[in-house]
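**Student:** Work from the hints to combine the two standalone chains into their complex.
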Amino acid sequence: MNFLKSTLSRKNLMALTGLFLCFFLVIHLLGNLQLLLPADRAAESFNYYSNLLSGNIFIKIISYVLYFSLIAHAADALYITLRNKRTTVKYAYDNRKQASKWYSRNMGILGTILLIFLVIHFKDFWYVYKFGVIPYDKNGNKDLYVIVVHAFKSWWYVLIYILSMFALGFHLLHGFKSAVRTLGLYHPGYAAFVQKFGMIYSYVITIGFAVIPVYVHLTQFGLWN
Amino acid sequence: MRVHLKIWRQKDAGTAGKLMDYELDNVDNHMSFLEMMDTLNEQLILKGEMPVEFDHDCREGICGTCGMMINGQAHGPVPGLTACQLHMREFEDGATIYVEPFRAAAFPVKRDLKVDRSAFDRIIQAGGFITASTGQPAEANTILITHETAESAFDSAACIGCGACVATCKNSSAALFTSAKIAHLAKIPQGEKEAAKRVLKMVSRMDEEGFGHCSNTEACEVECPQGISVLNIARMNWEYTKANLLKD
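Taken in sequence, the protein lines are chains Z and B.
Position one of the first sequence corresponds to residue 1 (full-length UniProt numbering), numbered consecutively onward.
Position one of the second sequence corresponds to residue 1 (full-length UniProt numbering), numbered consecutively onward.
Read the hints as simulated data drawn from the structure, not as lab findings.
Warning: the hint list may mix true and false statements.
To be verified - Distance ranges between label pairs, derived from CB positions:
no., chain 1, residue 1, chain 2, residue 2, range
1, Z, 116, B, 14, 39 to 45 angstroms
2, Z, 197, B, 210, 49 to 55 angstroms
3, B, 142, Z, 118, 36 to 42 angstroms
4, Z, 160, B, 122, 48 to 54 angstroms
5, B, 63, Z, 123, 56 to 62 angstroms
Unchecked claim - Taking lysine to aspartate or glutamate pairs in the EDC-like style, the calculated list, with each CA pair at most 20 angstroms apart, reads:
no., chain 1, residue 1, chain 2, residue 2
6, Z, 85, B, 209
7, B, 170, Z, 76
8, B, 114, Z, 94
9, B, 170, Z, 94
10, Z, 85, B, 208
11, Z, 5, B, 208
Each residue gets a CB set at the ideal place from its N, CA and C atoms; glycine is no exception.
The shape of chain B in the complex, shown without the other chains (with noise of 0.2 angstroms):
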């Protein structure tokens, strides 16, 4: 099949950026979305013209390294999905395909469709784990839990910090982020000890790094790859204002 490209080009932070075309004639509808661009980039190189950056890592839709605008919503079309996950059967033969990096003032763009999502890290460094003596794994039923809990705190935990949700969302928030942390560890007995430190702490960095505020229109849950509820937001909302509330 056969498609127009118009992607985004942007030589580094400080410099502006535009949509370039680019034709691409010898792509199988079988291949994934990366792999079409991987097909741009061996064209450009022989060209001898920069190859487009963008940022890739597993390529099985769990490590949430992918991740740019296609056709102007986060990760392409296909709702539940990672770029990497993405097919060209879904497009029609001879589509024009937008493809821009991620947007937040928070997410600065480093390269073309590289962007720096190092904020995302930070914000887990203030408080997204928990604090155990390292050393022999515990015995496993030293703290029972019960099944539905384990599945809830893994459903918040499923989250790979993509950032489809900042890129989504249009107050560039990371609500649904650092809350699918806070509730994933505030669910289960190991987290919830230092629940209030943590919210507190990771809220504060959030706002820090420079995210909007959460306007609650779900449209984060909606392109979510991994489905992550904005039900978590309603958590992190419960537990920031019981920590301010009795704080010592």
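Same shape as in the complex, but just chain Z (with noise of 0.2 angstroms):
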């Protein structure tokens, strides 16, 4: 029991589920990178792939596991702030946050951020496409592209997705190397190579993302319409 309740092993937790949400954020990407077609060949695509995913006993697993990290993630992030709470003093003159990125040092904030907008997330998609009244296309499909177009209709909605892929990448940004130095990568070539490569991911994560919101805003009734 004491090996469950170490510091390190609330780490590892935080590190494992971490890395299924990286895993889980690069098959998300792909996925919607759907969304980026025509309309029409997007729309088919789209609603193929949604209609594919639900009814895969394999994704199924899949998605308790991802219920799981997104909730252990969270909850053990909220113990440890809570326990390093009572680790820490406050200074009367305090200038230590010049030794280190302000984004390693606000994890918990970036992560409310992100648990809000997954709230909002899921609540308009996943629960619609789950439990909501929602039209068939033409192939039978639940028609998902058109609940993601109307979705992206107002430019604040838009907004609120960029701001918090912004988050995300952040996140991402200290959250990768840090899981994988949590786990106890320490031969120092590899680490260097975990530095580069978590920073190329963060950046294609969050680029990618942010540029799905925008692209539908601007095609479907912006400028380029």
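**Tutor:** In structure tokens:
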């Protein structure tokens, strides 16, 4: 039991769930890239893909791992943050922040932004697809594409997405490297590679996800329509 | 030169402290920071006031006894130095300098700038050693070791246990200190035999002492006067997980 309670094990749980979420983001982004196709092809392809995922037992198992990872990652973060409140004492004059990156010190705040974003994201897409009333496209698949396009009609909704993706980007910029370090990769050569890989990964994920709502808004409702 | 000091004064662990103002005129810019503190204390004693208590010993930057927050940074603004190796020429004439003790729940303030860092001693006592017969020193070449391994272990062993890592960490984590000792001994043949037992005991002691979680901000490495690498922390994490998985 001591093993599960130790500070290192709690961080290992953060790292493992975090890295699974990192892996999921790649799959999620690859699927979403279909939204960048011309409108009619995008609709057909995206709806077919969504239907394919929702009917697959393998994907179902992955989705339960995903829900667990999200909840465990957030709950463990809360536990760690609260415990660290008890281990620290405030300084009267504090200039320690120049020794580290702002996003590495504010993972909790970035994570909270992401949690709020996820509630909105799940409510508007996940919940609607699973439990809501949703039209069918001509191939008989649930027309999630229409829901997505409709959501990105308002510019402020697009803005929420862009800001959230930047929060995600900074969260990943520290999180990926930190997770690998927590799991114990100590070889200097590999550590340098992980650092570079983590940086490129964070940029790709952030830009990839941020571009989609902007593209959909501009092509469907904006200047490019 | 002249400095305006704001120094944390606290009677004992149970009493609340506060920053007090002091003016010091006769500061030579070749003085070390601690010599400047000595000058202040001589002045206070002549006035019949209690001198400011602070930890110090070798004043050569190798013992790890001195340690204070100077202008909100552990050991002051110059990287790679202990407070005793910091000189007054690093400050401007007429500067305001804030001086506070290292702070963490596991490092209670004893008085003024003096801090109880015995939690570190107890972490070392939990396993930061090797078990070997005393007596005649063994023949040096009995255990062969490469130059690179010896150097790498020595890099970890260079930790002087000053506590700047804990004082700088936003979580008051002792990961850098604990990991440096674990990595130092895990790297060399004399230490690796007991590596599993050592890491389990030292990490468990570290947690019991009330240090926080490491969140890899790497501020500890930046502020460490000995430049101990955060890769030691990764090594500790690896040794810890391995020891737990392979435990009998």
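**Student:** Could you run down the list of hints and mark each one as holding or not?
**Tutor:** Now the hints, each set against the structure:
At roughly 42 angstroms, the beta carbons of residue 116 of chain Z and residue 14 of chain B sit within the given window of 39 to 45 angstroms. About 35 angstroms separates the C-beta atoms of residue 197 of chain Z and residue 210 of chain B, a value inconsistent with the hinted range of 49 to 55 angstroms. Against the hinted window of 36 to 42 angstroms, the Cβ-Cβ separation of residue 142 of chain B and residue 118 of chain Z comes to about 60 angstroms, which falls outside the hint. Residue 160 of chain Z and residue 122 of chain B have their C-beta atoms about 50 angstroms apart, which keeps the hinted 48 to 54 angstroms range intact.
Our hint of 56 to 62 angstroms for residue 63 of chain B and residue 123 of chain Z holds, since their Cβ atoms are close to 59 angstroms apart. For the hint pairing residue 85 of chain Z with residue 209 of chain B, the CA-to-CA distance comes to about 15 angstroms; that is within 20 angstroms, so the pair holds. Distance hint between residue 170 of chain B and residue 76 of chain Z is fulfilled; the C-alpha atoms sit about 18 angstroms from each other, no more than 20 angstroms. Note on residue 114 of chain B and residue 94 of chain Z: the hinted pairing holds, with a Cα-Cα distance of about 18 angstroms set against a maximum of 20 angstroms.
About 11 angstroms separates the Cα atoms of residue 170 of chain B and residue 94 of chain Z, which keeps this hinted pair within 20 angstroms; it holds. A distance of roughly 16 angstroms separates the Cα atoms of residue 85 of chain Z and residue 208 of chain B; the hinted pair therefore holds under the 20 angstroms criterion. With a CA separation close to 11 angstroms, the supplied pair residue 5 of chain Z and residue 208 of chain B stays within the 20 angstroms bound.
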